[in-house]
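Colleague: Heads up: the protein sequence lines correspond to chains D and G, in order. Everything in the first sequence is counted per this note's numbering, starting at 164 for the first residue and increasing by one. Everything in the second sequence is counted per this note's numbering, starting at 3 for the first residue and increasing by one.
Be careful, since some hints might not be right.
Quick partial rundown of chain G residues pointing at chain D, CB under 7 Å, derived from the structure [to be verified]:
(1) HIS37
(2) LEU100
(3) GLN200
(4) ARG201
(5) VAL204
(6) MET210
(7) PRO212
(8) PRO216
(9) GLU217
(10) GLU221
(11) MET224
(12) ALA225
(13) PRO301
These aren't lab readings, by the way, just hints derived from the structure by calculation. Values in this document were obtained by computation on a predicted structure and should not be read as measured data. C-beta atoms are modelled at their ideal positions from N, C-alpha and C, and glycine is treated no differently.
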Amino acid sequence: MAKQSPAPNWQDLALGCATLEAGSSKYQKTGDWRSSRPIWNFEQCVKCGVCTVYCPEGCLKMNADGYPQVDLDYCKGCAICVTECWTGCISMEEEKD
Amino acid sequence: MAVRKGIESSLAIAEAAAACNVDCIAAYPITPQTHIVEHLSELVNDGELDAEFIPVESEHSAMSCCCGTAAAGARTFTATSSQGLALMHEIMFIAANLRLPIVMTVANRALSAPINIWNDHSDVMTERDCGWLQIFAENGQEATDLVPVCHRIAEDKRVLLPIMLNFDGFIVSHVVEPIEMLDRDEIATFLPDYEPQQRLDVDYPITMGPVGMPEVYTEAKMAHEAAVQNAYGPICEILDEFGKKFGRTYKPVETYKTEDADIVFVMMGATAETCMSWVDKVRETGKKVGIVRFRLWRPLPVAAFKEAVKGKKVLGIIDRHFSPGGPGGPVAQEVKYTLYGEKDAPKVVEVVAGLGGRDIDFDTFDNIFDRCQKVLDGGTVPPFELIQARGGHYGKI
Ligand code: SF4
Ligand code: SF4
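Next up, chain D with everything else stripped away, as it sits in the complex (with noise of 0.2 Å):
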């Protein structure tokens, strides 16, 4: 089957709406939930990672200067890096538009 469309008719929904495509949970652009992000104070970060195995969206990744970078596109808001950063150097921002 092809790529299934985010809005598809019915007529072309897989049988019993099951998804034939692996890895589709790219199409989910779940930074659309977010009503804040976070934002980090790289004087503290220490490069340990740690923020970017607990987050549950899979969005954080170590930037060429080895710091966490956020792909805002999915990033949902949740603060979980917030609270497993040991050294305090992520915070959250209320999102204004």
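Starting from the known structure of chain D, arrange chain G with the ligands on it as the hints suggest.
Modeller: Showing chain G with the ligands alone in chain D's frame:
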């Protein structure tokens, strides 16, 4: 050759499931269906049926487990009653929308409270909207025959839906009847090996039951509605084929002596068998009365029902369940739905009877007939009534 033998209907139903060569049974015992799964567990234990028997800790688990085995591509069978069906409620909708071809026999029994193990239709009617196909058998032979029929329907590539086979608890389930048993070879000529259209397979990973956001939930429901509606054609075909092959023909709507009848009773389940004897008796005194029964309840056979009651003057509807504070019984409500706006539609006299094992006998039918006769003679149509309640029916909405 099919053998006719005296056997308890529950055991015959279990034998029929075994003859269908089911792969998996996940079940929890509950009166009055217990003998079905008990016998299946014996057959598996004795090596007569090569299947997985999963004794679970509740009906919620039973239906969850059935979803799992059906999703894995196994021919799946289970049975329940009353509180057991109620406990499955949450998973019933899931089995249906995931399009898992599970066959479940339901020995219909009243729901608590007060606790009551006897027969009525409150269990099945409460599951009316769960999206399963629903069919009714009136005696042990029918229930036994309809087991392979249900597997055939559920697994048909044009259908792929779970199906609930209903029959009255005790009145059918526990009665020893002469039943013509189809053996495995005979059933194999009618029910081919199950080939799942889509299943969980590590080599071809898919996700069954993902989240359906507001953007897709409506479409999912539309697809389900289309599947249930479209099942009607294949159901008729399969019932027909069974009839041609084994000599017992079942129809979505069954009629009895309705040709010349002005008054027609409408009901479901074993009550119709008692009613046929009553019709034979009162016809000797010149009363022109017949019976129409819904064998198929989902999808509701609207056109076939309309045809069956065309030209009739008064319908006497016997419901075995009702909605307190609501508009009466489900059969009556759906019958009215089929007739609303029709020219010369018959008048509808509704009664609720036979709750929690209260007997429906010839006196009950006489009572309903008198109500219908009054309407036929020009009387006003009375509101629905629990005719067997001592102290009389309370008021009206
Ligand atoms: S807020 Fe939640 S989703 Fe966003 S980066 Fe932190 S852990 Fe991940
Ligand atoms: S857990 Fe804190 S210290 Fe460690 S990499 Fe993430 S932000 Fe930096």
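Colleague: None of the hints should be skipped; say for each whether it holds.
Modeller: Evaluation of the provided hints:
no., hint, in the structure
1, HIS37, "33 Å, violated"
2, LEU100, "4 Å, holds"
3, GLN200, "5 Å, holds"
4, ARG201, "10 Å, violated"
5, VAL204, "12 Å, violated"
6, MET210, "5 Å, holds"
7, PRO212, "5 Å, holds"
8, PRO216, "11 Å, violated"
9, GLU217, "5 Å, holds"
10, GLU221, "4 Å, holds"
11, MET224, "4 Å, holds"
12, ALA225, "4 Å, holds"
13, PRO301, "17 Å, violated"
In terms of the numbered hints stated before, the structure departs from hints 1, 4, 5, 8 and 13, listed from lowest to highest.
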